[in-house]
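Q: Sequence lines, in order, name chains H and Z. Residue numbers for the first sequence follow numbering that gives the first Met the number 0, beginning at 0 and rising by one. Residue numbers for the second sequence follow numbering that gives the first Met the number 0, beginning at 0 and rising by one.
Because the hints were derived from the structure by calculation, they are not lab data. Beta carbons are placed, not taken as given, at the ideal position from N, Cα and C, and that holds for glycine. Watch out, some of these pointers could steer you wrong.
[Claimed, not checked] With the Cβ distance kept under 7 Å, some of the chain Z side facing chain H (calculated, not the full set):
(1) Gly39
(2) Tyr80
(3) Lys81
Chain by chain, the residues run as shown.
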Amino acid sequence: MSDGIKYGVSLYCFSNSFHTRQLDLEGCIKRAKDIGYNGITLVAAQSCDEYPFPSDEWLYKLRDTMAKYDVEPVCWEAYIDIGMRNDRDLSEAEIREFTMNDIIYAHKAGFHMVKTQHSISPKIFAEMLPFCKKMDVKLCIEMHHPHHPEVPVWKEYFKIMEESDGWLGFAPDMSIFQHYPHGLHIRQAMEDPGCRAEKVNEILAYMAAGKTEEETVADLDLTDAEKMYAGEFYHKNTAPGKLEDLGGLLKYAHMIHGKFYYLADDQNDPCIPYDKIMPIIKESGYNGYLVAEYEGHHFSIEEDDSVQLHRFWSMVKRMYDNA
Amino acid sequence: MDFAAFNYYMISEEDGIVVNKVDDIVLGYEIKCKYPTYRGAYLCNVLKIQLFVDGKEIPEENLRFDVNGKSFLMEEITDQYKEYWFTGAKAALRVIDENGIAPGEHKVKMLMHHKIPYTGYFGTYLELDGTCEKTLTVK
């Protein structure tokens, strides 16, 4: 029986506070709990100062800190840093080793889920099944913009998930439904000395009217900086995922990444259509975590991540409850 | 522009410029810098660093990069795939210059060309150019 959705947070949301040491790792966990989130994920490459080889001491301390604040360890978020060397991409043996290490670290820290990335390859993803069972850790691949369910390799991944009895899955990042520039990106363009505010508004109006990038650039007599932002606005907001596919795919979802960049209030996100997404999630019966993933820190260091997280929770919860 | 906001943190203002000396013998000076994204980096993914002081570029052979208790020539950096420069951790960018640097304020500009190692969605990696310029005071 479904108990409904659960709300978690990635400590990645506190990137700015962590980078500047306003919050340490324990401070991030405490802040997440104070805001009201009960589940935690973390990006190991960001949060672990012994990365990529954390000691038992570090991992057990993380586990104990999460217990201290009574938050559920939801997911150890790993990367496949396939380009971490400059002379070649990682070999199969190296990808396998990093993945197994992450599964071991996750288990030690109390997580029963590891998130990996698309470049793990179908072969290695499938090979991980026995180790996942042995370690009692599920493994999911993040589906992130610009990927989407129609990218050929994902057909293979879904087949592997189907045959894994729930151990192998995916973590759809709602960036795949991103269709309109977020407020911080628009502000960046507005503040660029090479951009005229009225032209930025015209670009946005063209996007909202469904015009293509080519039509926009051809019609609007833009400066080089304006053309660059027009290109970014279109490139980042292609919404490659189809909302009508989401509900059917959620049976493979171990968690959902609630990506957002900036919320001016708790009413609506003009960038990612949570007003449509939350009812789909509810109707599907999905009862895992929606993990808030604030990413405005890529664009601005002036926003308060805690305020953004309050708004997100309030918005998605209302949309879910009212659906 | 994505990944741009943390460029501001690349040069540490609070650490200023410190003159490196042995007794009274001046060896040069250094600034502190941070990797300008939300996560840490395999050091080799820092593909190029340039430092300008008062508008003048410091030749690469006069620069050293110190992190994790180790020191690297600039030409060594792109080989360091076992060295992890942690999120927000300060590294020293050291200038070898027997003349040191005059007391007071100086304009310091740092450029970094770097690679995001997990981004090869359709076969190509995102490579970024970060710039940070600040006025620093000699301590």
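Q: Mind listing which of the numbered hints don't hold for this structure, in increasing order?
A: 3
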